[in-house]
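Those protein sequences? They're chains H and X, same order as listed.
The opening residue of the first sequence carries number 1 in the working numbering; numbering runs sequentially from there.
The opening residue of the second sequence carries number 101 in the working numbering; numbering runs sequentially from there.
Don't read these hints as lab results, they were simulated from the structure.
All C-beta atoms, glycine included, are put in the ideal place defined by N, C-alpha and C.
Hints are supplied without guarantee of correctness; some may be wrong.
[Claimed, not checked] Some chain H residues near chain X, calculated using beta-carbon distances under 8 Å:
#1 Tyr-6
#2 Ser-8
#3 Asp-47
[Unchecked claim] These stretches of chain X come out as covered by chain H in the derived footprint (C-beta under 8 Å, 3 or more residues):
#4 127-133
#5 137-150
#6 153-166
Protein chains: 2
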Amino acid sequence: MKAYVYVSFKKSVLDPQGKTIQGALKKMGYKGLAEVRQGKYFEITLDGGLTRTEAEAEVTRIAHEVLTNPVIEECRVSLDE
Amino acid sequence: MKAYVYVSFKKSVLDPQGKTIQGALKKMGYKGLAEVRQGKYFEITLDGGLTRTEAEAEVTRIAHEVLTNPVIEECRVSLDE
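Isolated chain H, as found in the complex:
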């Protein structure tokens, strides 16, 4: 089973890296971009010893306790077969 955790800055937090990428893309001639924001993602492969419910709980716990800084970041967890 695989789990994916997506971590990005909260909407209220400035994302200078995203802004820089957006500026660079605009200068390079790419069109139609209103905003670019950058985040991280984690692909977690589980060893099969947990049920789906347990796995989801464990990954959500990891996402909130370790992978995300709750002051400035938010996260999203998704589970896959």
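Guided by the hints, dock chain X onto chain H, whose structure is given.
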């Protein structure tokens, strides 16, 4: 319209950052993890001047030409309303 680009190392490329996270999580007592890999993701907001097909083409071009290093990375693009 929003587009998401997910960039990660190719399966054949070692991911020391992911390995470090996996080791740390194991030491912290989290169970059931077989592998952790880390990647980046980009959330691109489009300004509405492009049709869905044009937007998909433009974002795919950006993903392959700018956001991904094709030697060691692979990318996945998804489009949203």
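To see whether the hints hold, each was checked on the structure:
1. Tyr-6: holds, 6 Å
2. Ser-8: With Cβ-Cβ at 7 Å, under 8 Å, it holds.
3. Asp-47: holds, 4 Å
4. 127-133: Per the Cβ count (5), the hint holds.
5. 137-150: holds (count 14)
6. 153-166: This one holds; 6 residues, not fewer than the three required, reach chain H with a Cβ under 8 Å.
Comparing the model with each numbered hint stated earlier shows that all of them hold.
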